[in-house]
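**Student:** Each chain sits in its own coordinate frame; assemble them with the hints.
Chain by chain, the residues run as shown.
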Amino acid sequence: MITVSGIRNAFWCAIAFGIVACASAPPPVEKLAVAKSSIERAEQAQAAQFAQIELNSARNKYAAAQAAADKHDADVAARLADQADIDAQLAESTARAKQQEQLVNEMDASLRDLRNETLRRDTSGTATPPPAPQPQ
Amino acid sequence: MKRTSNLVAAAVASTLLGLAACETTPDSSALLEQARTAVAQAESDPNVTKYAPTELDRARKLLANAEGSAKENGAKDTSASHYAYLTTQMARIAQQRAQEQASITRIKSGETERKEVLLTARENEANAAVAQAQAAKADAQSAQAQAQSAQAESQRLAALLEDMQASQTSRGIVLTLDDVLFDTGKAKLKPGAERSIEQIASFLSENPERRVQVEGFTDSQGTDDYNLELSQSRADAVAMAIIQRGIDAQRVRALGYGEGFPVAGNESDGSRQLNRRVEIIVSNGDSAIPARAAGVP
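Respectively, the protein sequence lines represent chains A and B. For the first sequence, our numbering begins at 1 and goes up steadily by one. For the second sequence, our numbering begins at 1 and goes up steadily by one.
Bear in mind the hints are in silico, worked out from the structure with no lab data behind them. Virtual Cβ for every residue (Gly too), placed ideally from N, Cα, C. Only true hints are included.
Restraint ranges, calculated between C-beta atoms of paired labels, are given here:
(1) 133/B with 106/A: 36 to 46 Å
(2) 118/B with 103/A: 12 to 22 Å
(3) 70/A with 72/B: 26 to 36 Å
(4) 43/B with 71/A: 36 to 46 Å
(5) 71/A with 30/B: 25 to 35 Å
Same shape as in the complex, but just chain B (with noise of 0.2 Å):
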């Protein structure tokens, strides 16, 4: 009985003695926990599922290796405690291993992305050029369009002015119809005066901006009063013939001068023809036609 009690005291010792000489144990428990804690969490992390599943497979293994010590030693059990750590360790060493990994494949598709920037950039650049290079085009060819019209427009006219024998004045273009036009003492239009009526109806019509002022005149035969009247009623009816081709009447004006402002003495049959006439004045652009001012055709 006492000899038992001795061998018991001296195992208890021994024990106690052998381990403090190795280490201290402490409990597996609080590290088991954190073990299983640290596997679940990288479980959870879908980087290292990814990227580092080999260091969670260990992490894995050292954690059944931890619980079956405990299991099979006891909660103090000094390989329990260790492998509850290395299990720890080992879970962060796959979670660290797996954010390195998803940090260089960030950096890969943000390599990507950088080009593509450059890409789109360097692409915008070269559309807004084009797109310059278009509109600059397209300016050349509107003034270029510009100036064939205006070169038309010129053209036109001087081949109506031919036609029509006008004459550039400082007033504007003049157009002379002479009294063939008309029956004498008459101021109906004779149908000879169409073609001319009709070429300054559709130049005035192409040029919106221009109006016209007509203008009659007669020798110096007959009373002063007819003559004014009958060169009043000749100017309208040219006036009326022009509004008739469709131009607005506020473009058109008609004054009568009688026997005023004679083109050749009124001597002869010959010179009175030429004082019998109608002038047809265009303006120049929209300017306003100035008055008549002796002397001044």
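Next comes chain A alone, as it looks inside the complex (with noise of 0.2 Å):
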């Protein structure tokens, strides 16, 4: 029971809601800035080689909001540009834990064999042998 004048009538109302829908507010320039600042830090902080997956999916999202806000999708963009801004965060966190946890390894593998060290030469009661070399 479909008549044209009703597809048509249905034509123009989608095109005003979809309209309505996406691209209602202007484009989140400022979201995008924020977004794009994140995965540079997390760049920075060495995301790239200990948090890969996060700053990817920063990275690709991003490139997604700002396709959107192209394409007048603000919402889109906007929602995109935050996800990407999270997970930028997510990975410059991440990346910085890892790096921390690792000297926390090396410190403890350093005092450890200082401690042997120091205890040998207590034991042997001997004239001491030249300290090792302790990795900063």
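**Tutor:** Structural data, given as structure tokens:
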């Protein structure tokens, strides 16, 4: 029972709705800028090495957000920009945490060596061997 | 009636079209569940409450937003899914930042620990050096004490030798007691012998490794047997006097030689008096006293 005029009506209605839903707001320039700077911070924190998955997710979402903005899908662009931003933040914090963890492991190893060294020196009671170089 | 159904159809179509234009909307309930779990996990991590309370707070607010959107607009709501996703990521960020801070704190305490280990090692070395120095000093002191006691002993010995007109021979130190200490023909020590016996006994008790041999001699007057017996008796008397002053009998030996081994001719009274004597030989250290050989004093 669908008439030609009904289809036409529906079409116009859909167009109107689509415009209202997607392009009612201006492009989220600010959110995109925030996401971009978060990605840059993550890159500086060596996220490419220590948090590759999170960084890639942020980059992909940022690209999608830009594409959406170009298509005037402001809401989608805003959400994607927010997600790119938070993914980048996670990438940065994960990279930092992993690097600190590495430092802790190195320190533990060097402390263990130092203890063994001094213990040996105490028990042998003989002349002290030259101290082992301490890893920084 | 027809118009109404057309309108409904148009509305449904437009809605579908509009959503399709934006994105596909997953069911938010799975994402919400994930978000709740992530927040709960972060909350149970003591490092998070300690080092990343701000991030945890943000995650909680995002979760409230997600729950609110889902309640208001249903499980298919786009913002509910969006906020659920942001919640999960923020909770993870909180955990990563907390872990980073915990590691930084751990590194700081490790630095302190390292300094302590080095300090202890240095102290131990210093203590060992001090102990070594003290041991060396104690060694030196005991060596000095030993030297002093050796010197004191040799001084005492020298005094004794001088006192008793003793002489050092290859058999040992020889002390001579003359016959003034005995009545003629008697073997009983006179009180005048006390002082010499006392000196010998105290010297022996201070030098427990040394031993003595007491040898008795007579002049050539009288029979050989008589002289032999008299010399033995006199030697025995002197030995007994030494033993009575606390010296072990094992260390004291008495021998009578009669008129043998004269130190002078027997022609005059003076020279005969020299032959009537008791000699006390003190061993050099703990070595045995060699037997008397003819012609050797």
